[in-house]
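> Protein chains in written order, with my numbering: chain A, 20 to 160; chain B, 20 to 160; chain C, 20 to 160; chain D, 20 to 160; chain E, 20 to 160; chain F, 20 to 160.
Hints listed in this document are in silico derivations from the structure and should not be mistaken for laboratory results.
Hints are not guaranteed to be accurate.
When chains are identical, the list treats them as one kind, so a pair holds in a single copy or across two.
[To be verified] Derived pair list, reagent style DSSO-like, types lysine-lysine, alpha-carbon separation capped at 27 Å:
id	residue 1	residue 2
1	Lys122	Lys146
2	Lys146	Lys21
3	Lys146	Lys71
4	Lys61	Lys42
6 protein chains.
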Amino acid sequence: MKIGKLAVLLTTLEEEELAPFEKQLEDVDFCLGRAGSMNMQKVISAVETAAKRQQIISEIVYRETHSLYHAILEALEGVTRGQIAIGDMMRTVGLKFAVVRGKPYDRDGEGEWIAVAFYGTIGAPVKGLEHETMGLGINHI
Amino acid sequence: MKIGKLAVLLTTLEEEELAPFEKQLEDVDFCLGRAGSMNMQKVISAVETAAKRQQIISEIVYRETHSLYHAILEALEGVTRGQIAIGDMMRTVGLKFAVVRGKPYDRDGEGEWIAVAFYGTIGAPVKGLEHETMGLGINHI
Amino acid sequence: MKIGKLAVLLTTLEEEELAPFEKQLEDVDFCLGRAGSMNMQKVISAVETAAKRQQIISEIVYRETHSLYHAILEALEGVTRGQIAIGDMMRTVGLKFAVVRGKPYDRDGEGEWIAVAFYGTIGAPVKGLEHETMGLGINHI
Amino acid sequence: MKIGKLAVLLTTLEEEELAPFEKQLEDVDFCLGRAGSMNMQKVISAVETAAKRQQIISEIVYRETHSLYHAILEALEGVTRGQIAIGDMMRTVGLKFAVVRGKPYDRDGEGEWIAVAFYGTIGAPVKGLEHETMGLGINHI
Amino acid sequence: MKIGKLAVLLTTLEEEELAPFEKQLEDVDFCLGRAGSMNMQKVISAVETAAKRQQIISEIVYRETHSLYHAILEALEGVTRGQIAIGDMMRTVGLKFAVVRGKPYDRDGEGEWIAVAFYGTIGAPVKGLEHETMGLGINHI
Amino acid sequence: MKIGKLAVLLTTLEEEELAPFEKQLEDVDFCLGRAGSMNMQKVISAVETAAKRQQIISEIVYRETHSLYHAILEALEGVTRGQIAIGDMMRTVGLKFAVVRGKPYDRDGEGEWIAVAFYGTIGAPVKGLEHETMGLGINHI
């Protein structure tokens with residue numbers, strides 16, 4: 020089971036386009052959300068809040084927050100293409116995000132992993148002056 | 020038309036899963052390929068060679084090579100999550116890539132843009148000791 | 020014609036020192052300006068505003084804004100030497116900037132390119148506690 | 020006295036263009052050289068060797084090597100625009116470099132500083148498929 | 020229990036200096052080693068091999084390799100101070116490393132974490148032309 | 020004499036654990052302090068202020084500020100593991116810092132060097148949701 024692919028499809032596809040993948044989605048836990056901001060901190064916060072509220076990760080276990088946080092950062096590296104800091108500079112993001120938790124490996128002991136995907140637009144804070152962007156982060160949990 | 024989304028779908032979906040998107044693909048030029056290596060230089064080279072051979076970009080116009088090169092680098096930032104240099108350190112990538120060229124904007128003057136997507140696995144050079152990874156880069160051409 | 024060299028000279032030379040290069044400057048479009056701030060976002064904004072107001076790039080064509088934005092970022096990497104984010108940390112910049120637009124290649128099809136140069140000082144926010152810095156970014160437009 | 024500006028002019032100007040600056044150059048120690056390679060290590064080595072051979076820095080005092088090394092790295096950040104590692108990926112540089120050593124401050128105690136500038140081309144390893152690039156690094160010595 | 024502090028002390032202290040900390044070391048699993056190279060890949064490999072051979076992590080469970088790998092990378096960021104790629108450029112490292120595995124949190128559910136520390140010298144490949152360097156990485160396992 | 024090791028021990032050890040190293044500390048100048056913030060600028064400022072107030076560096080000589088500033092940045096790269104910019108994103112640091120100034124080399128001409136070490140915790144702004152972190156920077160002064 021490919022948790023990364025599922026996270027990517029959850030963010031890039033429209034609801035009707037997702038139909039063929041519904042069966043695969045039954046085997047994982049996931050949540051969806053939107054974040055639009057010029058401020059990376061708010062984007063991170065939006066994902067963490069959604070994942071905790073929808074019980075994809077536990078609110079009180081630090082190792083789950085730690086795992087999710089690093090998966091978010093990795094996904095944001097894709098969104099900002101290596102310049103997370105610049106995320107705050109003049110650029111607005113309008114992003115759909117998905118967090119997927121599942122067991123991608125058959126081997127015993129590999130346990131659960133988490134995938135975070137973003138898809139949307141990045142650009143000048145003017146509608147139309149922007150292009151697509153996406154990112155995927157994966158971590159063991 | 021979303022050239023980024025199409026590039027992402029071309030790399031993540033199996034052939035049969037791509038059927039619903041065939042109509043959208045008629046409006047763009049694209050090529051597909053595979054690159055598997057521990058060496059980023061070979062990955063870049065594989066994409067450039069494919070894009071030139073299948074005439075997605077012109078071999079003799081530097082501005083097209085320049086545009087593609089930066090789109091590839093941006094996509095690799097997503098693949099390596101901000102540490103392209105580490106791409107060469109102990110990690111093998113097995114990647115499917117897509118280059119899509121089209122006109123994502125309605126406005127006159129915006130002209131053609133190019134999207135490069137990678138999807139595959141990154142990890143230790145041992146089968147199974149790896150996880151999914153992806154990246155998307157977009158540039159005007 | 021070397022648009023990068025011209026941008027560099029426009030920022031480093033005093034007006035009287037520029038005299039020998041006046042003829043070369045006739046073949047390009049350029050604008051000059053100053054930006055002094057502890058905030059990278061304001062520096063980027065100052066260049067974009069100047070370039071649009073003096074019609075070096077079109078205000079309404081996104082691909083021109085996109086091209087200029089990435090040329091500015093590349094030049095700022097030189098200014099901050101790889102740590103754009105740190106630009107905001109305790110350091111003031113006092114920068115002269117130049118944007119040069121021209122055709123650096125003889126071959127048909129290469130079209131126009133843009134160069135952005137910065138030159139000035141970077142340092143603690145106390146006069147004298149600073150040293151020179153510069154950066155150059157180039158992109159196809 | 021601006022050691023950074025002098026280093027920049029030494030790399031960007033032709034010999035005849037440098038004439039107006041000859042008097043300023045009498046107040047500093049400097050050396051010039053060329054480095055052309057796809058390998059950053061060779062570029063660093065070329066500058067260090069030239070600076071030692073022409074006695075701009077002492078070969079046996081580590082603090083001078085340490086100071087020059089960091090000034091070179093900062094200048095290379097400008098050349099590669101934040102992605103030194105990528106310097107090795109598919110891109111050739113053909114660079115002129117200058118090392119300038121002098122006393123840029125009037126205050127007692129500030130002592131000597133060193134400036135390293137690069138100017139040249141970076142691009143695909145095919146003549147013409149390249150554009151200008153430059154970088155400047157400054158350090159106390 | 021502070022696994023990071025223990026890893027740091029294991030690499031910086033001489034054997035006789037470590038005596039006061041022996042009791043704390045009984046509560047964790049750890050291994051020690053040395054890596055000297057101009058090549059980051061060999062440094063990573065030395066740590067992974069030592070940690071597997073001395074059974075600090077399991078050789079066959081990917082999530083443990085994944086956790087250790089990212090802890091090593093984080094520690095190397097400290098060693099190379101943000102420029103891992105430059106690790107390979109002209110600089111030799113002579114490093115002592117420690118891997119410590121333990122339970123730093125009292126709360127149920129936090130489970131085991133891993134710390135990787137490096138301490139040694141980095142510099143020109145000439146004895147004496149080098150200075151101290153260190154790094155610490157921590158991850159949940 | 021190892022100024023880096025002393026800086027590391029000053030930040031990681033409790034007062035009573037430092038006793039065996041008191042004699043070595045007599046040969047260097049050093050100061051200690053604490054910085055707790057979500058803002059890197061405040062952390063840098065806390066170290067600079069402490070080092071000047073306790074006369075480890077001169078307040079009026081720029082080259083000493085310049086040297087300290089770069090040593091602090093290098094140490095922060097270890098603390099934030101290559102992503103200084105992210106230091107400001109959602110993460111609080113509670114850090115102890117030490118600045119050590121001394122002569123680590125026997126050779127004439129090497130003169131004084133400075134070491135900056137940080138040790139403490141980094142994590143979500145909730146007590147307990149954090150892990151250890153440290154960093155070391157060294158520069159000639």
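> Would you pick out the hints that fail for this structure and give their numbers low to high?
Hint check: 4 fails alone, others pass.
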